Amino acid sequence: MNGPRLLVLGAGLGLAVLLPHVAGPFWMTLVTQMYIFGLLALSVDLLLGHAGLFSLCHASFFAVSAYTVAILQVRHDVPTALAVPAAILAGTVLALLFGLAVRTRGVYFILITIAFGFVVWGLAHRWSSFTGGDNGITSVPFPALGPFRIQSTFEYYHLVLAVVVLCAIGYRTLIASPFGLTLRGIKASESRMRSLGYHTDLHLYTAFVVSGALASLAGVLYVYHNRFVNPVAAAFQISVEAALMAIVGGSGTILGPFLGSVVILGLRNWVSSFFELWAAVMGAVFIAAVLWAPEGLVGLARRARAVARRAPEPETTVP
Amino acid sequence: MSAAPAAIEVAELTREFGGLRAVDQVSLRVASGERRVLIGPNGAGKTTLFHCITGTLRPSAGRVVFFGREVTRLAEHRRTVLGMGRTFQITNVFADLSLLENLVLAVMGTDRRKWVMHRSVSGFAGACDRARQGLDRVGLIHRAEDPVKLLSYGERRQLELALALGSNPRVLFLDEPCSGLSPSERQRVSRTIGHLPRQITVFMIEHDMDVALGLADRVTVLHRGRVILEGTPGEVQTNPEVRDVYFGHV
Amino acid sequence: MTTGAILQAINGTSLAALLFLLASGFTLSFGLMRVVNMAHGAYYLLGGYIGLSIAERTGSFTLAILGGGAGIVVLGFLVDRFLIRHTGENHLAQVLLTVGVAFVIGDVALHIWGGDTLMVPTPAVLRGAVELPGGIVYPRYRFVLILFGVVVGAALWLLYRKTALGAVVRAGVDDREQVSATGINVDRLFVLVSALASFLAGTAGVVGGAFLALYPGAEWEILVVALVVVIIGGLGSLEGAMLGAVIVGLLDAYGRWLLPEFSYFVLFGPMAVLLLLRPRGIFGREG
Chain X
1 MNGPRLLVLG AGLGLAVLLP HVAGPFWMTL VTQMYIFGLL ALSVDLLLGH
51 AGLFSLCHAS FFAVSAYTVA ILQVRHDVPT ALAVPAAILA GTVLALLFGL
101 AVRTRGVYFI LITIAFGFVV WGLAHRWSSF TGGDNGITSV PFPALGPFRI
151 QSTFEYYHLV LAVVVLCAIG YRTLIASPFG LTLRGIKASE SRMRSLGYHT
201 DLHLYTAFVV SGALASLAGV LYVYHNRFVN PVAAAFQISV EAALMAIVGG
251 SGTILGPFLG SVVILGLRNW VSSFFELWAA VMGAVFIAAV LWAPEGLVGL
301 ARRARAVARR APEPETTVP
Chain V
1 MSAAPAAIEV AELTREFGGL RAVDQVSLRV ASGERRVLIG PNGAGKTTLF
51 HCITGTLRPS AGRVVFFGRE VTRLAEHRRT VLGMGRTFQI TNVFADLSLL
101 ENLVLAVMGT DRRKWVMHRS VSGFAGACDR ARQGLDRVGL IHRAEDPVKL
151 LSYGERRQLE LALALGSNPR VLFLDEPCSG LSPSERQRVS RTIGHLPRQI
201 TVFMIEHDMD VALGLADRVT VLHRGRVILE GTPGEVQTNP EVRDVYFGHV
Chain G
1 MTTGAILQAI NGTSLAALLF LLASGFTLSF GLMRVVNMAH GAYYLLGGYI
51 GLSIAERTGS FTLAILGGGA GIVVLGFLVD RFLIRHTGEN HLAQVLLTVG
101 VAFVIGDVAL HIWGGDTLMV PTPAVLRGAV ELPGGIVYPR YRFVLILFGV
151 VVGAALWLLY RKTALGAVVR AGVDDREQVS ATGINVDRLF VLVSALASFL
201 AGTAGVVGGA FLALYPGAEW EILVVALVVV IIGGLGSLEG AMLGAVIVGL
251 LDAYGRWLLP EFSYFVLFGP MAVLLLLRPR GIFGREG
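Residue numbers (our numbering), protein chains in the order written: chain X, 1 to 319; chain V, 1 to 250; chain G, 1 to 287.
To be clear, the hints were calculated from the coordinates, so they are not data collected in a lab.
Watch out, some of these pointers could steer you wrong.
Label-pair distances were calculated between CB atoms; the ranges are [claimed, not checked]:
hint	chain 1	residue 1	chain 2	residue 2	range
1	G	Ala171	X	Thr173	20 to 30 Å
2	G	Gln178	V	Ala75	30 to 40 Å
3	X	Arg303	V	His195	36 to 46 Å
4	G	Gln178	V	Thr14	54 to 64 Å
5	X	Phe130	G	Arg176	29 to 39 Å
6	X	Gly133	G	Val125	35 to 45 Å
7	X	Ser272	V	Met117	49 to 59 Å
Bear in mind that the values here come from a model prediction, so they are computed numbers and not experimental data.
Don't be surprised by glycine CBs; every beta carbon is placed ideally from N, CA and C.
Bound-form chain X, shown alone (with noise of 0.2 Å):
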């Protein structure tokens, strides 16, 4: 990483750290759910941008995870020092279920997550009598680590802060090693790579196993924040605003999908505060991202500097 990158970087992180000191509540609280779907986008893109595979269904992985934290907590008083790893494990579980859909590619892997995420939507909006239904499970508690305990939402802030950063240093990790690599030529060549040697389908099952207990974690973040759950967490819609957070932001890069979180999160939010048919204004957005800006900010970011270096342009496909 290189000097002035490294800067660019420093500088974005002090003011993350100071925004709950200068800004209200309001803004922590949303620059908070910007940094958890930030990591959710992340686990998408793992999956999108590095293996080139569309899943819809990380929702589903978000919300068992919040789900088991909730009903741990709430219901049986388990402390979150069981809490948390259990709903890792049990978001994790869950991918090392769907992760069968890895026998399939293109269109069929596409509708086959979407049909999984709505098992698990279904479940929690009818089988009320575990998950509460539509009221879903409130009065989750703030975490709590033996002597440590987060009493608010400023504190909160900081630890989600600290989570996002470590986990992007992780995932910075993951994406430069051979496996990483070994995703990028499967997306670019699958049969070139099970001629090379690879077993594709379990590089694949993998990386998307990977992808499914980073979005557990961030379904974590996503419940001690909220401090309830409810079936939204694990709607069809979620995890397609994941996808398109990744793509407006730049899939394949790190920064992208939290970029993507703040565009989408932050439209959402101004829009829907004069207008009511905010949903439909996030289709247009769906719609635009597609057909104007399929490589995202990131990728615009490059297209200008290429441009100005007159360098010769990368191209711009959906990836």
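Take the given structure of chain X and dock chains V and G to it, following the hints.
Same frame as chain X, now just chains V and G:
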């Protein structure tokens, strides 16, 4: 007297598509270290035969044996680990990646460390060195960091060959390595193949007669999925049936 | 117990008829034009709402069905021509784009028809119940729906398998380049098939809205079940859509009856089995 196992042994191999027999009871034996060329008119089933041997396709009937080991039902990637390497008729490289990344993937394909998730690729000095050597072997080292998209067609064919060699194959399957190349590029490819050590067995499909007959120890002629002749380049060149198949109306 | 089982069989078959209407258009769109149109559910809902308004204003169920279908044909054409056309064969882009379209349609519909659950009024002749042997009393409407589904299915099948037009469509599903090479106007063929798919979706909305009701969110619930039909039956196969619809319809009905809390879950089972054994669906081909 025990003979060294053949590099490739194919017995009664058949591959059907719907009602059509693309490969029809083909049997052949390629000795270790041999340079075998497979020729035949378009649609003779040459590439399909390759696919069945390397594992891209499963045969409808018959057997494939690799250095004495039965591999008929073995998955494609496992055959590569055993020592098969191949190039494709239609250039199949990693277009979105850099040349170096292409070779690193080729080199690590048979390496357990391809599963490592906690260290950057650049930390694997051995693999990166071998990748660079692979690029050097085909004269592309000066473009290591370039994206494949900037390469010419001929350069991509070179890269294709480098990828196939990257996994240190015992048998190299080349599917029309010279197709679409200029005469000077053909010479270059011909030389590269000619200089390959005899530890590597070469099984090649080629249309260009000069290249084919210049490199071959033995030639197998395929027509409509069947082997119609097998022999030395001289024998094949003078055989009237072969001439009919190529220039006549069969 | 058997009475219940028979009742669910009829329930399932009537749902299958509805699912077939929706799934057949979706699968043919993909088979011929390689288009994945996730707005099909929204077409269903909007078609239903349009039909509802027409039925309320004119009292004619027939007009409602035709109007709902026609409205979606127009909308579908606009979406195809001005939006989907730009995505080529990029399925990911198509999914995102058409999901966006569905969001827009859904929100606009919410704004116009509100958030209450609405039912399309059925004509008097279709109301009431039929008495079956064994003392089972069953809504007449559902029977007619099954009949309707069979008629449409048979008509589509005949069109697809026994006419020259169908032969061209089948050839196009198999190999699009070859068809255009023979000089047939492929573009017009696409518009025709797409219009048929849209019409079926809109009609399904009116017909379905009379017994399943219309409400915000219904477009996704019906779409996902139709997707399962298409997954099981295989993308691009009309026969697959038929078989898949029957399987899914029956599974859904029995699932809701035996395990009401787990009804979506019941659909998961066969999908998982299919993935393990035959990832391309029963009649499917490489996508």
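Mind listing which of the numbered hints don't hold for this structure, in increasing order?
1, 4, 5 and 7
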